[in-house]
Amino acid sequence: MSSTTETVDIKKTVKPVQATKDVVIYFAGDSGDGIQAIGGQFGHTCVRMGNDIVTFPDFPAEIRAPAGTQAGVSGYQLRFGSGEVLTPGDAYDALIALNPAALQARVKGLKTNGLLIINTDKFRETDLKKAQCKTNPLDDGSLDGYQIFRVDLTKLTRAAVFETPLPATLSTREGDRCQNFFALGMVCWLYQRSLEPTVQYIKSKFGKRAEIAEANQRALRAGWVYCENTETFASSYEIAPAKHAPGLYRHITGNQATALGLVAAGQKAELPVFLASYPITPASDILHQLSRYKNMNVTTVQAEDEIAAACMAIGASFAGALGCTSTSGPGLDLKQEALSLAISTELPLIVVDVQRGGPSTGLPTKTEQADLLAAIYGRHGECPAPIIAASSPSDCFFAVYEAARIAIKYRTPVIFLTDGYLANGAEPWLIPSSKTLAPIVHKQLVERNGVMPFDRDPDTMARQWVRIGTPGLEYRVGGLEKDQKTGNISYDPDNHEAMGYLRKAKIDRIEREIPPTVIDGPASGDLLLVGWGSTHGAIKSAMERQRQAGQKGISQIHLRFLNPLPPDLGDILKRFKHVLVPEMNMGQLSILIRAKYVLPAKPLNKVKGQPFTITEISNAIEAILGGK
Amino acid sequence: MSAVTTVPLSAVKLTNKDYESDQEVRWCPGCGDYAILRQTQKVLADLDIPREKHVFVSGIGCSSRFPYYMNTYGFHTIHGRAPAFATGIKCVQPDLTVWIATGDGDALSIGGNHLIHIIRRNVGVKILLFNNRIYGLTKGQYSPTSSFGKLTASTPMGSPDHPLNPLSLALGCEATFVARTLDRDLEHLGQTLHAAAKHKGTAFVEILQNCNVFNDGEWFEYTDKATKPLSTLRLEDGQPLVYGQNKERGIRLNRFTLEPVDMSKGEAKVEDLMKADSSDLNQALALSRISGKDGLPLPIGVLYKVERSCFEDDVVGQVRKAQAEKPSKNDIDSLLRAGETWTVS
Ligand SMILES: Cc1ncc(C[n+]2csc(CCOP(=O)(O)OP(=O)(O)O)c2C)c(N)n1
Ligand code: SF4
Ligand SMILES: [Mg+2]
Chain A
1 MSSTTETVDI KKTVKPVQAT KDVVIYFAGD SGDGIQAIGG QFGHTCVRMG NDIVTFPDFP
61 AEIRAPAGTQ AGVSGYQLRF GSGEVLTPGD AYDALIALNP AALQARVKGL KTNGLLIINT
121 DKFRETDLKK AQCKTNPLDD GSLDGYQIFR VDLTKLTRAA VFETPLPATL STREGDRCQN
181 FFALGMVCWL YQRSLEPTVQ YIKSKFGKRA EIAEANQRAL RAGWVYCENT ETFASSYEIA
241 PAKHAPGLYR HITGNQATAL GLVAAGQKAE LPVFLASYPI TPASDILHQL SRYKNMNVTT
301 VQAEDEIAAA CMAIGASFAG ALGCTSTSGP GLDLKQEALS LAISTELPLI VVDVQRGGPS
361 TGLPTKTEQA DLLAAIYGRH GECPAPIIAA SSPSDCFFAV YEAARIAIKY RTPVIFLTDG
421 YLANGAEPWL IPSSKTLAPI VHKQLVERNG VMPFDRDPDT MARQWVRIGT PGLEYRVGGL
481 EKDQKTGNIS YDPDNHEAMG YLRKAKIDRI EREIPPTVID GPASGDLLLV GWGSTHGAIK
541 SAMERQRQAG QKGISQIHLR FLNPLPPDLG DILKRFKHVL VPEMNMGQLS ILIRAKYVLP
601 AKPLNKVKGQ PFTITEISNA IEAILGGK
Chain B
1 MSAVTTVPLS AVKLTNKDYE SDQEVRWCPG CGDYAILRQT QKVLADLDIP REKHVFVSGI
61 GCSSRFPYYM NTYGFHTIHG RAPAFATGIK CVQPDLTVWI ATGDGDALSI GGNHLIHIIR
121 RNVGVKILLF NNRIYGLTKG QYSPTSSFGK LTASTPMGSP DHPLNPLSLA LGCEATFVAR
181 TLDRDLEHLG QTLHAAAKHK GTAFVEILQN CNVFNDGEWF EYTDKATKPL STLRLEDGQP
241 LVYGQNKERG IRLNRFTLEP VDMSKGEAKV EDLMKADSSD LNQALALSRI SGKDGLPLPI
301 GVLYKVERSC FEDDVVGQVR KAQAEKPSKN DIDSLLRAGE TWTVS
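Line by line, the protein sequences are chains A and B. To convert, note that position 619 of the first sequence is 619 in the working numbering; the numbers rise steadily by one, no gaps. To convert, note that position 47 of the second sequence is 47 in the working numbering; the numbers rise steadily by one, no gaps.
No lab work stands behind these hints, which were simulated from the structure alone. Since this is a predicted model, take the numbers as computed values, not measurements. Yeah, the Cβ is synthetic: ideal placement off N, Cα and C, and Gly gets one too. Certain hints may be false.
[What the hints assert, rightly or not] Taking CB as the label site, the calculated pair distances span:
#1 Asp331/B - Ala623/A: 49 to 59 Å
#2 Asp152/A - Ala324/B: 51 to 61 Å
#3 Asp520/A - Thr343/B: 22 to 32 Å
#4 Arg448/A - Gly217/B: 45 to 55 Å
#5 Asp152/A - Glu174/B: 53 to 63 Å
#6 Lys443/A - Arg289/B: 46 to 56 Å
Sequences are here, hints too, so could you generate the full structure?
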C-alpha cells in the first residue's frame, strides 16, 4: 500500500516487534472520556495504514450517563488485520479500561492472557463504589489471567500536558481531558501505528484553541514515549497491510454511505433530492450529512415530526422530486399511514429505517433487526412495498441507490433497512466510479400528448409521473380507491379488488430486478445459512470457521431484497438438508421463509441489542451438523 | 425546482366554468361548502394565474373533498397532514399557487401540529379552514371549535372540552395573514379569498361554514340579515371600527380592553374609535379574542397582514447559494472522493 498524503512521523521503536495478523481491541471508559473519539481515530489510523477494519461503537443512550457507573460506560470495539476482516471480533486481544466501571463491564470480553491497560488513578474508594466493585480488582486476584499494565494515566497526562507553558492557560480539568489521547498514544506504540493521522485530526478539531490542540498532542506523544521508555512494555506488535484491491479508498460509515447513495441516485436520475426527517438516534446523521450536500441539488427539511417528514417527502415526489425520509423504528411506526397513501397514489418515496432495539424507546443506541415484519406488513389494508436491506456500512451506498432506482422506476415507496451497527460502524471503501452505477430511468409527463395520469407502463405497470404545473394535465389524486383506468374515485367492488391485485402485481414484478442469488459455497449440501442485513460478516466468518474445522457442506446466501424475495430462493432452499436463519430478532425472516416455502427453516435469534459473535453462529451450526 | 417564485400570467381569460372538474359534487344539498367552492372557482378565474399553476391539497373530511371538484392539480391526502404535503410541494415547485382545504377537525385536532408549524414557517400557501364546529364526515362528533356543553353524537351529556380560537392560534403561531369570512356572504368571501391569493406567505382564512346536517344554524346569528349588523364587525383598513344598522355603534380602546360604545346615545364620537389597521399585531390579537358572545361583534375581514420571507424561498435559496459557491464539486465522483482518500496500487 502506498499513501498519498501521509508522512510517517512515528519514531521507530528500539524494542522487539512481533508480527501478528489480526487484532481485536476494545477501548472502554466513561461517556465523557472521549472513547468514541479515540476509537474512531485509531480505526482511521489503521485504515490509513492499509489494514482492513470493522468497528463497533457501543455507547449509552444518555449523553452524560452517571459518571463512573457501569451504565455510563462507553465502548469502542475495533478489529483490524492484514486479511479480510468481516466482524468486530468476538473476544478482545486488548482492553483499555479508563476506570473500574469500564473494567468491570468489559473484562469478560477479554481473551485469557489478553493485554489489559488500566488507569490506576481511577481506582480510589469512591470510584470502586460507583462501579459497584465489592473488592478492588487490582488486588483481589480477579485479573490474574491477564497481562496487566497499570498506568497512572491521570498523573502522567498532567505531567505531559503541563510540562512546559502552553500557548494559553489551561485548567487542570481541561488538561485531564487529554487522558484519552495519552491512552491512544500508548495503543499506537503497542501496535506500531503512525501518530500522524491523529496529529492532523487534533489540529483540525481543536485548531481554534491552540493550547488545547497542543495539550492533546503532548498527551498523545507522551503515551507513545511512555511505552517506549518504561520497562513494563517489553515488545510491541506489527500488523502488515491487507491485500486490498487496487484503487482509491476512503473510510465510510453506514449513515454516510446512505446519504451519499441518495445523492448519487438523484444525480443519476437527474432529479432533485428532497429529504425531510425528524431527529432520532441512530438515523440523525443521514439528515446532518445530506444537509451539507445542497450543492448537489439536495433540499433538506427538519420536519415537526416523522409523520410530517414522510408527508413532506411525498409532497415533494408529487411535485417531481425524489422524496426521501429517514428515521428509526418509532418513526417508522408514525410514517406508515403516509406510506400507505404513497402506495395508493403510486408515488416514489424512499424510507430509510435505521433499526434499533425496540419495542417503544427500547435500546435507542443499540442494534436490532426487528422492524422487518413491520416494514412488510405494518400498514392497514393490502399495502405492499418493496423492502431492501444493506449488509455492510459501505453496502448502504449501493443498497439505498438500488432502493431509489426501484422507487423511481416502479413509482412506489421503498423501505430501506439498515441498523445501528451499520449506521455507526466504519470500514475502508473502494470508491466506485459513478459510471458503474446502474442507470435510473424515468420519464415524467411534462406535456399533454394524449397520455393520461393513470395510463400504465406495460413493462413496469407504473402509472405516469405527471409533473404538476404542466398545462393540460391537471388531475386529482388521493387515498380513496381509484378507478383502474381514469384514476377517478371509485367505490366499485370489482374495481377495488382489481386495484388491490394490480398494486400487488406491480410489487411482485420487481423480483425480475433481483440478480441470481449468490451462493457462497456449494450449490447444495447439508446446511444453508440465510441472512439479511448487518449479520453478513458474522455469518460468513462462522461458516468459514466451520469449514476450516472440516464441515464442508455449508453455504451462505444473504438477501438484499426482503420483499419481493428472490425468485430463485425456493429452489435454492430445497437443495439443502438444513436451513438456518440467524437474525437479531425473534425469527422474522424465518417466519417469511417457512410461510412462503413451507419448509422447516430453523431460526437463530438474538435480541440483546448486540451483534452476533462468530462463536454464537458457529455453535448453532455445530448443534445442527454435530461438532467436529 | 425553479429559482424564483414569480407567477406566470395566463394567456386566455378563464371563467368559473373552467375551474369546475368533471366530478359530481357530493356534499349534502344545502351544505355551506357549495358556496365556498363556487366562490373559489370565481376568484381563480379572476386571478392572472394559469390554471395548471394551482394545486389544491387537503386532508380528510367533507371539506377535504374540495380538490376533487376543482379543475386544477389536486391532492387529497390523509387526515390532518395537508400542510406537510403542501410544504413538500412548495419546496420543489415554489412557483405553484398552493391552496389547502381543511376542516376544523382536520386542521385543529389531528393536524394541529402541522398547522402551527406551516404558519410559523410562513410557507406560501393559502389555508381555507372550513369551520363548521363539527365533524361532518364522521357524522356529527364535536370538534376543537365546538362550544362547551355542545350536544353531539359523542357528547350526549354535553362537550366537556373548551373550544379554541383559530385566529388567536394562527396569530400565536407568528402568522403573516389572518382573516375571517363567511360562507353566506359571497361578496366578502370572494374578496377575502382574493386577498389571500395575493398574499406571499401563509394566508390563514377561517371560513364560518354551515353544516346543515349535523350543526345547522351554528353561525346564523352572524349571517342572518336581521342580526348580523349588530353581531358582526366588518374590518376595513383605515376605517373606524363601526357596526350596527346605521353604523351607530363603535369600538373604543379603554386601557387594554376593547369597549363597545353606542354613538347614538352619545357614549362616544367617531373620532374616539379605533381605526382598523391590519399591520398592527396588538390590534389583531385583541380583535381575534372577540368570541361574538361577549357583547362585542365578531370581526370579519383581514385582521392581520404583514410581509415576511417565505420558507420555500429560504430553503431553495440555500440550495441555489450552495450550488453557486461549490459548482466545481457538483458531480457524484468528486463528492465520493471528497475528504481523505488513499490509493492502493
Ligand atoms: C387517521 C384517521 N383518523 C380518523 C379518520 C376519520 N375522520 C375522517 S374526517 C374526520 C373529521 C372531519 O372533521 P372536519 O375536519 O371538521 O371536516 P368536516 O367533515 O367537518 O368538513 C375524521 C375523524 C380518518 N379518516 N383518518
Ligand atoms: S355533513 Fe355537513 S359538512 Fe358534510 S357535506 Fe353534509 S352538510 Fe356539508
Ligand atoms: Mg368540521
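Now for the hints, and whether the structure bears them out:
Between Asp331/B and Ala623/A, the C-beta spacing of about 52 Å keeps the proposed range 49 to 59 Å intact. Between Asp152/A and Ala324/B the CB atoms are about 55 Å apart, so this pair conforms to the stated range of 51 to 61 Å. At roughly 29 Å, the beta carbons of Asp520/A and Thr343/B sit within the given window of 22 to 32 Å. For the pair Arg448/A and Gly217/B, the beta carbons lie near 46 Å from each other, so the given range of 45 to 55 Å is met.
Between Asp152/A and Glu174/B the C-beta distance comes to about 57 Å, which sits within the given range of 53 to 63 Å. Against the hinted window of 46 to 56 Å, the Cβ-Cβ separation of Lys443/A and Arg289/B comes to about 54 Å, which satisfies the hint.
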